[in-house]
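Order-wise, the sequence lines are chains A and B. Going by the numbering used here, the first sequence opens with residue -12, and the numbers climb by one from there. Going by the numbering used here, the second sequence opens with residue -12, and the numbers climb by one from there.
Hint data in this document are derived by calculation from the structure and do not stem from the laboratory. Any given hint could be a false lead.
No copy labels: a pair is met if it fits in one copy or bridges any two.
Stated by the list, open to error - Computed cross-link-like contacts, SDA-like style, restricted to lysine to any residue with a CA-CA straight-line distance of at most 20 Å: (1) LYS196 x SER248; (2) LYS331 x TYR272; (3) LYS331 x GLN270; (4) LYS196 x ASP328; (5) LYS331 x SER25; (6) LYS331 x GLY68; (7) LYS163 x THR45; (8) LYS196 x GLU282.
The structure presented is a predicted model; accordingly, all values stated were derived computationally and were not measured.
Protein chains: 2
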Amino acid sequence: MEDNHLSKPVHVAILGATGAVGSEFLTLLAERHFPLASLKLLASERSAGQQISFQGETLTVEAVQESSFEGVDVVLASAGGSTSKRWAKVAVEAGAVVIDNSSAFRMDPQVPLVVPEINPQAAAQHQGIIANPNCTTILLGVAIYPLHQVQPIQRVVVATYQSASGAGARAMEEVKTQAGAILRGEAPQPEILPYPLAFNLFPHNSPLKENGYCEEELKMLHETRKIFGEPELRVSATCVRVPVLRAHSEAVNLEFSQPFSVEKARDVIAQAPGVRLVEDWQQNYFPMPMDATGEDDVLVGRIRQDLSHACGLELWLCGDQIRKGAALNAVQIAELLLEKDWLKPGQHLATC
Amino acid sequence: MEDNHLSKPVHVAILGATGAVGSEFLTLLAERHFPLASLKLLASERSAGQQISFQGETLTVEAVQESSFEGVDVVLASAGGSTSKRWAKVAVEAGAVVIDNSSAFRMDPQVPLVVPEINPQAAAQHQGIIANPNCTTILLGVAIYPLHQVQPIQRVVVATYQSASGAGARAMEEVKTQAGAILRGEAPQPEILPYPLAFNLFPHNSPLKENGYCEEELKMLHETRKIFGEPELRVSATCVRVPVLRAHSEAVNLEFSQPFSVEKARDVIAQAPGVRLVEDWQQNYFPMPMDATGEDDVLVGRIRQDLSHACGLELWLCGDQIRKGAALNAVQIAELLLEKDWLKPGQHLATC
């Protein structure tokens, strides 16, 4: 159990409390002994009235409204972009800091986009809203930023293996239902996802842009640049949805301007925060989604010298996209604000 | 139905007739009206006596022995490397041409490694054995060689999504059994594959080499070089087993020495043999394993200018690894030998 060394308890609201990430927020607040003065569960009208137990108490989900944020210090939001756009400013005007898991504010130059292991100091400059990056971006960033600090990365080529739960809890259920149908010899029915995913896979179905990339792939480019503070970093991603229930994987090719030894890379990864080196070369055992599920760390392995580029490294990673890829990262941002006393908006002098 | 324009019927033996690829050989010989004078089914002692129906007749599987190849013109072999090593020379001494699907002879400088769409002329030089490349290599090669002919490829970075059936019919059944167990709330049991694959995935479990690559990944490097006749071609692969039943997918990043326009690449792919351009940008519909299953063509889509490299292209492909990735390619080699009258070993003058 991590000891947060946090001082004063704060009033927290979860916006989108009934979703997959919302439920993970609850798990993490309890697990991490987050210093709660109070906890309010907010969701849409549709989910209002649901009862959720938390640390022995039964909490009732409330429909979000104008008065919901009075007295709230921190809002952990994961209710989609339009909900965040609708309510984030209301919460900020009420005096809360909103840590938002949607894509609504990520590329807003006024909004810090934060991964605590990478750019904690960016959080100091918040004006009430701090954005949580996209799941695949967080997992990639946590794994490769330690290498980038040793020697600047020039280019990233990444292919993802994204689990069904990245599209929500209902997509995860859909894959199971489809698998059952196929095992019974019936045709799988897609409902949430556009095509059958059980025993199949397809390129990520986020909207396509003129340049042929989908939004998910461009998030990996633009968000990584913003988090790393490297507006010229070259990133090309291919994002793919696979019939895994939970935890995303990524095959990552890195180019540096000089050779980066595999030994050195292993040492760096082994010592980096939020990352765990998982390599058993004797057993041919490396990170797998089933082992990354429920873990805080991003699992990294198969680090090897790229045979096609003298200054290249290949690596493989798996991470729980609901946990570090979403809820955990947001809770870590909240812990950072408390620890550094950065709750109030303004021009804090970053000290980390 | 393809008209093979083949003249004289030949005597064919299938070695490994009871396996997944063996059964696909039978399907293809019938579908393609391969000119058979006779068909002999060979397998290990264990499978001898099995009866298999073929075009209205019932054929009995025979245990392979020294005399099995007398009078045989063409052996289609897919019974694993050690069986091929044991029997290929026996067959050649009996006067047959062996088209071998195992890895036993692929890198032998005396043995042509052939993909008919890429290097048919190499088959002319055979000394009795012609090797069929690894499945992922064939699918990649067929898709990118047409581009390579327009402008030489400098470097390939590829991540694969390999289905269970690449590890054999029993691995495919294992994934289904594991999925059923998970749906019932039971623990999945790995038997053929080293780790549970249902709703999970893992780096390809072929033996690891000193350089950190597994054998499957190095096949993609060395075999592509040999087939393309480009001993310096730079290729780096990450091979991953995914819980798909059949058909492999690959995310492919290509580097050229000059920019390669996306328009041009689409035109080239659309006109290339053995490849089909599958891109519906309006519907966000691209190649998927479920659509590649049972197809002869490799499906290619999502061709886009690499945002991280001025001379780069990204593309995505799916192909049936039992069909074009194995059995179909071998049958096409046999058709090529008949069409060109290259059955006899020797220094034929290649004319294609």
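**OP:** Please work out whether the CA atoms of LYS331 and SER25 approach to 20 Å or closer within one copy, between two copies, in both situations, or in neither?
**Re:** within (18 Å within a copy, 85 Å between copies)
**OP:** If the cutoff is 20 Å on CA atoms, where do LYS196 and ASP328 land: within, between, both or neither? Let me know, please.
**Re:** neither (41 Å within a copy, 51 Å between copies)
**OP:** Could you place LYS331 and GLN270 in one of the four classes (within, between, both, neither) given a Cα distance threshold of 20 Å?
**Re:** For LYS331 and GLN270, the Cα distance exceeds 20 Å both inside one copy (51 Å) and across copies (45 Å).
**OP:** Evaluate LYS331 and GLY68 at a C-alpha cut-off of 20 Å and name the case that applies: within, between, both or neither.
**Re:** neither (24 Å within a copy, 68 Å between copies)
**OP:** With 20 Å as the alpha-carbon cut-off, assign the pair LYS196 and GLU282 to within, between, both or neither.
**Re:** Cα proximity of LYS196 and GLU282: none, with 34 Å in one copy and 29 Å across.
Original post:
Is it within, between, both, or neither for LYS331 and TYR272, if the alpha carbons may be no more than 20 Å apart?
Top reply: Classified as neither: same-chain Cα gap 46 Å, cross-chain 46 Å, threshold 20 Å.
**OP:** Measure nothing new, just compare the shortest in-copy and cross-copy C-alpha distances for LYS196 and SER248 to 20 Å and report within, between, both or neither.
**Re:** between (37 Å within a copy, 17 Å between copies)
Subject >> Status of THR45 relative to LYS163 across identical chains (alpha carbons, at most 20 Å) >> reply: neither (30 Å within a copy, 40 Å between copies)
Of the numbered hints stated above, those contradicted by the structure are hints 2, 3, 4, 6, 7 and 8, listed in ascending order.
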